[in-house]
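Numbering (our numbering), first residue to last: 669 to 790.
Source of the hints: derived by calculation from the structure; they are not laboratory data.
No residue lacks a Cβ here, since even glycine has one placed at the ideal position from N, Cα and C.
Some hints here could point you the wrong way.
[As the list claims (entries may be wrong)] Derived Cβ-Cβ restraints for the label pairs, each shown as a range:
| # | residue 1 | residue 2 | range |
| --- | --- | --- | --- |
| 1 | K765 | S790 | 28 to 36 Å |
| 2 | E785 | A731 | 16 to 24 Å |
| 3 | A789 | G698 | 19 to 27 Å |
[Claimed, not checked] Taking lysine-lysine and the DSSO-like style, the derived pairs with C-alpha atoms no more than 27 Å apart in a straight line are:
| # | residue 1 | residue 2 |
| --- | --- | --- |
| 4 | K727 | K774 |
| 5 | K733 | K784 |
| 6 | K786 | K762 |
| 7 | K735 | K762 |
| 8 | K735 | K774 |
| 9 | K765 | K735 |
| 10 | K774 | K786 |
| 11 | K727 | K762 |
| 12 | K762 | K774 |
| 13 | K774 | K784 |
| 14 | K733 | K765 |
| 15 | K786 | K735 |
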Amino acid sequence: MRYSERVAPAPNITVLQTLAFSNAAMPVIGREGIEAVAEYLLANPLAGDVIPHSSGARKLRWAAKGKGKRGGVRLIYHYLVIADRIYLLDCYAKNEKSDLSPLETKRLAQLIRQLKEKYRAS
Numbered sequence: 669m670r671y672s673e674r675v676a677p678a679p680n681i682t683v684l685q686t687l688a689f690s691n692a693a694m695p696v697i698g699r700e701g702i703e704a705v706a707e708y709l710l711a712n713p714l715a716g717d718v719i720p721h722s723s724g725a726r727k728l729r730w731a732a733k734g735k736g737k738r739g740g741v742r743l744i745y746h747y748l749v750i751a752d753r754i755y756l757l758d759c760y761a762k763n764e765k766s767d768l769s770p771l772e773t774k775r776l777a778q779l780i781r782q783l784k785e786k787y788r789a790s
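Please model the entire structure based on the sequences and the hints provided.
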C-alpha cells in the first residue's frame, strides 16, 4: 500500500479567518486572493510546510498582487481535522520577514493547542 499525504477534501470543511489574518492579507492579496486561498486549501488542506514547534501550523507560499510566489506572501494556517476547520492565522510579505520568530511560533502553538482542546471538549 502506498502512503500519500494528500487528503480527499471533505465536503463539510469550513475555512475561517482570524482578524490578524484578515488585517494582514487584505492589503497584499485582497479579497479575491483570500477567496482563492480558501478554495485551494479546501482541495489541499495539507499544503505547505509544517512549522516546527507550532503544534501543526503550516506555512504556504502564495503570490501577492502582481508578484510571483518567490516575492509573494507567506500564509500561516492550521487544519484542525477533528473539527473539519481550516484556520487562516497570519499572513506576511516575504520581504518583511522570512520566518516567524520563536515567540511568534510559541504563541501560535498556544493558540492551536487551545483550539484543539476546545473541540476535544465538545
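Hints, one by one, checked against the model:
1. K765 <-> S790: 28 to 36 Å: Cβ of K765 to Cβ of S790: about 35 Å, so the range 28 to 36 Å holds.
2. E785 <-> A731: 16 to 24 Å: Since the Cβ atoms of E785 and A731 sit about 35 Å apart, the hinted range of 16 to 24 Å is violated.
3. A789 <-> G698: 19 to 27 Å: violated, 36 Å
4. K727 <-> K774: Holds: K727 and K774 sit about 15 Å apart, inside 27 Å.
5. K733 <-> K784: Measuring from Cα to Cα gives roughly 33 Å; hence the hint is violated.
6. K786 <-> K762: violated, 32 Å
7. K735 <-> K762: holds, 11 Å
8. K735 <-> K774: Violated, at roughly 30 Å.
9. K765 <-> K735: Measuring from Cα to Cα gives roughly 16 Å; hence the hint holds.
10. K774 <-> K786: holds, 19 Å
11. K727 <-> K762: holds, 12 Å
12. K762 <-> K774: holds, 20 Å
13. K774 <-> K784: Holds, at roughly 15 Å.
14. K733 <-> K765: The given pair, whose Cα atoms are some 18 Å apart, holds under the 27 Å limit.
15. K786 <-> K735: Answer violated: K786 to K735 is near 38 Å, above 27 Å.
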